[in-house]
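Chemist: Here is what each chain is made of, one letter per residue.
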Amino acid sequence: GENVEQHPSTLSVQEGDSAVIKCTYSDSASNYFPWYKQELGKGPQLIIDIRSNVGEKKDQRIAVTLNKTAKHFSLHITETQPEDSAVYFCAAQEQGGSEKLVFGKGTKLTVNP
Amino acid sequence: KAGVTQTPRYLIKTRGQQVTLSCSPISGHRSVSWYQQTPGQGLQFLFEYFSETQRNKGNFPGRFSGRQFSNSRSEMNVSTLELGDSALYLCASSLGLAGSGEQFFGPGTRLTVL
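Line by line, the protein sequences give chains R and L.
So the first sequence is numbered by the numbering used here: it starts at 1134 and just counts up by one.
So the second sequence is numbered by the numbering used here: it starts at 5 and just counts up by one.
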């Protein structure tokens, strides 16, 4: 089955700096890669997703890039703000009948004012 | 429109007991997935129900079970609780199957097993 590795597990940046979180996946057939943000006491919320027919997608300060050959995808947050502090999860859709989402173990991002 | 709701929000049980958690999906959503979230393991998939049928199942023992009703509401049950079952249990709903598009998560049920 699919395996997703996420790095780093913790990330601390200064307000205004950029933050990058990277994930690798094992199943070359996976074709859907969402990113979720989880704030304290809340469930994860989708912030951006990308499908395998696209190499990059942007939404204001957030962007995701996908390298299918290397089987990795990354989340980029520019001009970070304190409210970006949260745990971020990447995921990949498993193929081969299951089609469930397999999540990375999360990155705790802290943006220092 | 109302989001995904989970009840109860907090539960304290003792080893050996059983527990039932409830999830009400967003209106119109037919898929409900359940996840166990722990600090060391992240989000681990338990199972997914779509139109009252279990579509997928994760690698959890048979003590973990679930069902979905005709109105798409779902319950999960854990029998013979163990200390290691302490976790945040999240449910997520989506229009289609879990991997076909956005999943909307509820706030979770925090289960503590003493």
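These are computed hints drawn from the structure, not numbers from a lab.
Since the model is a prediction, treat every value here as computed from it, not as a measurement.
Every residue, glycine too, gets a C-beta built ideally from N, C-alpha and C.
Keep in mind that the hints are not guaranteed to be accurate.
[What the hints assert, rightly or not] Here are a few chain L residues that face chain R, going by a calculated C-beta distance under 10 Å:
no.: 1; residue: Gln10
no.: 2; residue: Ile30
no.: 3; residue: His33
no.: 4; residue: Ser37
no.: 5; residue: Gln41
no.: 6; residue: Gly44
no.: 7; residue: Thr84
no.: 8; residue: Cys95
no.: 9; residue: Phe108
no.: 10; residue: Gly110
no.: 11; residue: Pro111
Chemist: Using Cβ atoms only, decide whether L:Gln41 comes closer than 10 Å to chain R, and label the hint accordingly.
Modeler: holds (9 Å)
Chemist: Close enough to count: is the Cβ of L:Ile30 nearer than 10 Å to one in chain R?
Modeler: This interface hint is violated because 12 Å lies over the 10 Å limit.
Chemist: Does the closest beta carbon of chain R sit nearer than 10 Å to the beta carbon of L:Cys95?
Modeler: holds (8 Å)
Chemist: Verify the interface restraint on L:His33: the C-beta must sit less than 10 Å from at least one C-beta of chain R.
Modeler: Violated. Min distance 14 Å.
Chemist: Less than 10 Å between beta-carbons is the criterion; does L:Gly110 satisfy it with respect to chain R?
Modeler: With Cβ-Cβ at 5 Å, under 10 Å, it holds.
Chemist: For the hint on L:Gly44, does the least C-beta distance to chain R fall short of 10 Å?
Modeler: holds (8 Å)
Chemist: Is the interface hint satisfied for L:Ser37? The criterion is a beta-carbon contact with chain R at less than 10 Å.
Modeler: Because about 7 Å separates L:Ser37 from the closest Cβ in chain R, which is inside the 10 Å limit, the hint holds.
Chemist: Given L:Pro111 as an interface hint, is the shortest Cβ-Cβ distance to chain R below 10 Å?
Modeler: holds (5 Å)
Chemist: Would you check whether L:Phe108 satisfies its interface hint, that is, whether its CB is within less than 10 Å of any CB in chain R?
Modeler: Because about 8 Å separates L:Phe108 from the closest Cβ in chain R, which is inside the 10 Å limit, the hint holds.
Chemist: Per the CB criterion, is L:Gln10 less than 10 Å away from chain R?
Modeler: Constraint on L:Gln10 satisfied, holds at 8 Å.
Chemist: Min Cβ distance, L:Thr84 to chain R: is it shorter than 10 Å?
Modeler: At about 25 Å, which exceeds the 10 Å cut-off, the nearest Cβ of chain R leaves the hint on L:Thr84 violated.
In this structure, the earlier hints numbered 2, 3, 7 are contradicted, and the remaining ones agree with it.
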